[in-house]
Amino acid sequence: DGGITQSPKYLFRKEGQNVTLSCEQNLNHDAMYWYRQDPGQGLRLIYYSQIVNDFQKGDIAEGYSVSREKKESFPLTVTSAQKNPTAFYLCASSDPGTGHTGELFFGEGSRLTVL
Amino acid sequence: EDQVTQSPEALRLQEGESSSLNCSYTVSGLRGLFWYRQDPGKGPEFLFTLYSAGEEKEKERLKATLTKKESFLHITAPKPEDSATYLCAVQGSSASKIIFGSGTRLSIRP
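Chains P and V supply the protein sequences, listed in that same order. Residues 416 to 530 (the working numbering) make up the first sequence, in order. Residues 18 to 127 (the working numbering) make up the second sequence, in order.
For the record, the hints were derived by calculation from the structure and aren't laboratory data. A virtual CB, placed ideally from N, CA and C, is assigned to each residue, including glycine. Any given hint could be a false lead.
[Said to hold, decoys possible] Each computed SDA-like pair below joins lysine to any residue, with the alpha-carbon atoms no more than 25 Å apart:
| hint | chain 1 | residue 1 | chain 2 | residue 2 |
| --- | --- | --- | --- | --- |
| 1 | V | K85 | P | T516 |
| 2 | V | K86 | P | E518 |
| 3 | V | K114 | P | V529 |
| 4 | V | K85 | V | G109 |
[Said to hold, decoys possible] Partial chain V-side listing against chain P, Cβ under 7 Å, derived:
| hint | residue |
| --- | --- |
| 5 | L47 |
| 6 | F51 |
| 7 | P57 |
| 8 | G60 |
| 9 | P61 |
| 10 | F63 |
| 11 | Y68 |
| 12 | Q108 |
| 13 | S119 |
| 14 | R122 |
Please put together the full structure from these sequences, using the hints given.
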């Protein structure tokens, strides 16, 4: 079945360590997104990519990095520069070719906890 | 600046008790308003897109409506399985960015 796969589902990190969250999609979508969700808050956009080898910063990009070397993959690295990384991270994709760019397909999320 | 505000923050209803969730928005050049459902520990699931004032969409017990300043998600005769957080989002003239509200946590008691 087509969809978005995020891994790992749960991740624990010590302060000062970088971690990479995986996001893979087999929907053949051009656009991919990373959001962060904190309790009681909406989803906040970290980075987005509309095409391979191109990506843009969202509203809270500081302390994060991404790459988009393949259409199917959009990994997110949470660096040690991110001051408060404990959160639920969601990857999403959309198909701009349909004209419905706001209809996002989400993965199951990755919950990162900094010890 | 584009902004989305949802109310109430949480809503508890008895099974069969109809109600509405509110999404107020400010955006430059609305391209679309979206409703999503999110179950605990899961990613959001797309429900509806509304494009212009006066538009309505329905799915089972849910009906979404749109005005120039707000959207309502009406839930009719809800069941316990409708319990979830409902998220509202807007896409403005900067089509690549989608702004989400903080959601309404809906709980339906049997």
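Cross-check of the supplied hints:
Distance check on the hinted pair: K85 of chain V and T516 of chain P sit about 21 Å apart at the alpha-carbon level, within 25 Å; holds. Under the criterion of a C-alpha separation no larger than 25 Å, the hint pairing K86 of chain V with E518 of chain P is consistent with the structure, at around 21 Å. At most 25 Å may separate the alpha-carbon atoms for a hinted pair to count; K114 of chain V and V529 of chain P exceed this at roughly 28 Å. For the hint pairing K85 of chain V with G109 of chain V, the CA-to-CA distance comes to about 13 Å; that is within 25 Å, so the pair holds.
Because the closest C-beta pair between L47 of chain V and chain P is about 10 Å apart, greater than 7 Å, the hint is violated. The beta carbon of F51 of chain V is positioned within 7 Å of a beta carbon in chain P (closest approach about 5 Å), and the interface hint is therefore held. At a threshold of 7 Å, the smallest CB-CB gap from P57 of chain V to chain P is about 10 Å, leaving the interface hint violated. The criterion of a C-beta within 7 Å of any C-beta in chain P is met by G60 of chain V, whose closest approach is roughly 3 Å, and the hint holds.
Proximity of P61 of chain V to chain P holds as hinted, the smallest CB-CB distance being about 5 Å (cut-off 7 Å). A least Cβ separation of about 5 Å between F63 of chain V and chain P falls short of the 7 Å threshold, and the interface hint therefore holds. Against a cut-off of 7 Å between C-beta atoms, the interface hint on Y68 of chain V is violated, since the closest Cβ of chain P lies about 10 Å away. The beta carbon of Q108 of chain V comes within 4 Å of a beta carbon in chain P, closer than 7 Å, and the hint placing it at the interface holds.
The interface hint given for S119 of chain V holds, since its Cβ lies 4 Å from the closest Cβ of chain P, which is under the 7 Å cut-off. Against a cut-off of 7 Å between C-beta atoms, the interface hint on R122 of chain V is violated, since the closest Cβ of chain P lies about 9 Å away.
In summary, the structure is inconsistent with hints 3, 5, 7, 11 and 14 from the numbered list given earlier, while agreeing with the others.
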